[in-house]
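There are 2 protein chains.
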Amino acid sequence: MKFSPLFWPIQLKGNSIYILDETLLPQKLAYIKASNYQQACRAIKEMKTRAVGQVLLVMYIFLLSYRQHKDLKKVAKAINATRPTLAFEVLTNMVLTWQKSGLDLEKCIFGFLEMLKNKRIKQAQVTASLLKDQDVILTHCNVSGLLPLVAEIAKSQGKEISFYATETRPYLQGSRLTAWELARKHIPVTIITDNMVAYLLSLGKVTKIIVGADHLALNGDIANKIGTYQIAVTAKYFKIPFYVLCPPPSKLKTGSEIKIEVRPDDELKIYQGLHLAPKNVKAYYPAFDVTPNKLITKHIYLEV
Amino acid sequence: MKFSPLFWPIQLKGNSIYILDETLLPQKLAYIKASNYQQACRAIKEMKTRAVGQVLLVMYIFLLSYRQHKDLKKVAKAINATRPTLAFEVLTNMVLTWQKSGLDLEKCIFGFLEMLKNKRIKQAQVTASLLKDQDVILTHCNVSGLLPLVAEIAKSQGKEISFYATETRPYLQGSRLTAWELARKHIPVTIITDNMVAYLLSLGKVTKIIVGADHLALNGDIANKIGTYQIAVTAKYFKIPFYVLCPPPSKLKTGSEIKIEVRPDDELKIYQGLHLAPKNVKAYYPAFDVTPNKLITKHIYLEV
Chain A
0 MKFSPLFWPI QLKGNSIYIL DETLLPQKLA YIKASNYQQA CRAIKEMKTR AVGQVLLVMY
60 IFLLSYRQHK DLKKVAKAIN ATRPTLAFEV LTNMVLTWQK SGLDLEKCIF GFLEMLKNKR
120 IKQAQVTASL LKDQDVILTH CNVSGLLPLV AEIAKSQGKE ISFYATETRP YLQGSRLTAW
180 ELARKHIPVT IITDNMVAYL LSLGKVTKII VGADHLALNG DIANKIGTYQ IAVTAKYFKI
240 PFYVLCPPPS KLKTGSEIKI EVRPDDELKI YQGLHLAPKN VKAYYPAFDV TPNKLITKHI
300 YLEV
Chain F
0 MKFSPLFWPI QLKGNSIYIL DETLLPQKLA YIKASNYQQA CRAIKEMKTR AVGQVLLVMY
60 IFLLSYRQHK DLKKVAKAIN ATRPTLAFEV LTNMVLTWQK SGLDLEKCIF GFLEMLKNKR
120 IKQAQVTASL LKDQDVILTH CNVSGLLPLV AEIAKSQGKE ISFYATETRP YLQGSRLTAW
180 ELARKHIPVT IITDNMVAYL LSLGKVTKII VGADHLALNG DIANKIGTYQ IAVTAKYFKI
240 PFYVLCPPPS KLKTGSEIKI EVRPDDELKI YQGLHLAPKN VKAYYPAFDV TPNKLITKHI
300 YLEV
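Protein chains in written order, with numbering that gives the first Met the number 0: chain A, 0 to 303; chain F, 0 to 303.
Each hint should be verified, as a subset may be incorrect.
Identical chains share a label here; the pair holds if one copy fits it or two copies do between them.
[What the hints assert, rightly or not] As a list, the in silico PhoX-like pairs of lysine-lysine whose alpha-carbon atoms are at most 25 Å apart: (1) K72 x K32; (2) K76 x K106; (3) K235 x K293; (4) K204 x K12; (5) K204 x K235.
Calculated from the structure, these hints are not laboratory results.
Given these sequences and hints, build the entire structure.
Written out as structure tokens, the structure is:
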């Protein structure tokens with residue numbers, strides 16, 4: 000089984016980290032080279048990578064910085080300051096604890112990455128086991144290479160599934176990443192705009208909804224790409240099962256404690272240099288929203 | 000009070016109809032010249048004008064065609080075939096009935112247009128009377144110049160109101176038309192993407208929702224721009240009043256009888272020549288959806 004490039008979008012080669020530039024997809028499959036933690040942190044801020052890519056990148060940043068004899072506390076601080084919604088502190092504290100305990104840091108990091116990979120494959124297997132032949136799945140944003148894997152596992156079990164992908168404005172991860180990675184594996188996928196969900200569900204065209212999550216609070220609330228909440232509300236109204244592929248939980252008790260990142264409004268008003276709105280009008284761009292536990296049919300945990 | 004150009008986007012001068020090209024806004028305020036009914040019908044098909052613009056254009060097409068001694072039955076047929084969701088037949092049958100009854104067609108058409116203008120102003124007055132000082136209104140797509148008028152009337156009554164406009168993919172009428180027409184009147188407006196509605200409502204930032212409608216069935220169901228249904232479902236969940244500015248009712252009993260136009264998927268995948276999605280992936284573009292009567296807090300009728 001060959002993974003989607005989005006399943007493992009970060010590589011370490013020699014003294015450089017190679018980061019899949021998700022902003023260039025689907026036109027171009029290219030990697031950014033980062034030679035130090037500052038460059039790598041900038042790639043997170045500029046959303047060159049996202050979701051699981053951020054987790055991998057944190058690990059590779061520590062590995063590189065450790066080899067470069069950097070102050071890892073300073074590195075952790077820089078990572079924590081990149082973006083607010085993903086629980087970077089959980090990861091950076093973990094690595095600092097390994098170091099403090101005198102463990103072999105390289106071994107710990109490689110061990111963690113290997114474990115993460117296996118747990119994600121397991122998560123895809125669990126997801127596939129929840130599906131039926133002819134299921135039509137609506138998804139939002141991009142679940143970092145997991146859905147092609149889910150579809151392939153399902154297929155090996157004799158279950159043909161197909162997808163609708165919301166385009167996921169303003170960054171279009173649904174069109175650019177999800178539809179792209181599914182189509183290149185010849186898995187049927189149809190793009191819709193974010194505002195077509197209720198109509199699509201009303202037609203009975205969707206049997207299950209599966210989304211990812213950037214943050215899981217202890218009470219089961221999740222933060223994910225802006226728009227997830229609306230889909231969950233709509234799914235509840237139409238009684239369509241709503242599944243969430245979760246990261247490990249953070250230490251926050253409820254979703255209301257998750258900090259929601261607000262990004263510059265030009266990222267919404269301008270797309271690849273093209274003005275989509277009048278220049279003198281302001282926009283509001285929260286990058287995530289929180290879906291309460293009560294709207295989630297089933298959490299598919301990353302077993303740890 | 001000066002109207003938004005979108006309030007009356009069609010003009011007749013001499014032997015030509017001038018149609019506001021809404022596809023060029025907000026960059027350019029320009030009119031397309033149509034010298035016969037075929038050219039004018041093409042402008043409807045290509046969505047150069049929409050909503051009330053289509054109603055006005057139908058009237059001006061008949062006026063021009065009458066002066067050009069065309070077969071008005073043939074003209075009616077061409078108009079009815081342009082787009083399926085707006086109830087063109089109601090308008091074309093009305094004009095054919097006037098002709099059949101031997102009435103002065105020019106007088107009837109000008110009378111109808113004058114009445115329509117006055118009824119729309121009245122509709123704006125009724126809407127303003129429903130608002131309170133500091134109301135924050137979320138709207139979707141574009142209600143053809145009515146919202147600036149509502150805000151101005153409210154202001155004259157000492158009520159300051161502000162707006163959030165969904166950008167309204169794929170055609171971006173919210174950003175390009177609604178935000179533009181409000182901002183040029185210095186009425187506060189903030190653009191959001193279509194997937195931010197639930198999050199915005201969860202923050203308590205919106206006090207009322209007002210949308211237009213392209214079709215009103217006899218049971219109170221309405222068809223409006225794709226995405227309206229989803230906003231209505233979300234409004235219900237958050238208990239936010241959902242008002243609809245309606246056209247006159249058609250003869251259809253329920254919304255399920257309204258034909259929903261499905262447009263070419265390239266209109267979703269390509270924006271002004273820019274590819275937003277992989278070329279080999281298909282998309283689905285229903286241009287409207289039907290919001291059931293039970294989700295509508297109040298219909299604001301065009302009194303006839």
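Within, between, both or neither: K76, K106 at alpha-carbon 25 Å: Within. Shortest intra-copy distance 22 Å satisfies the 25 Å Cα cut-off; inter-copy 76 Å does not.
Evaluate K72 and K32 at a C-alpha cut-off of 25 Å and name the case that applies: within, between, both or neither. For K72 and K32, the Cα distance is within 25 Å only inside one copy (23 Å; across copies 67 Å).
Checking an output row: K204 and K12, CA cutoff 25 Å. Within, between, both or neither? neither (45 Å within a copy, 48 Å between copies)
Cα distance capped at 25 Å. Does K204 pair with K235 within a copy, between copies, both, or neither? both (15 Å within a copy, 23 Å between copies)
I want to check one pair: K235 and K293. Are their C-alpha atoms no more than 25 Å apart within a copy, between two copies, both, or neither? Both: 10 Å inside a copy, 17 Å across copies.
Comparing the model with each earlier hint shows a violation of hint 4 alone; every other hint is respected.
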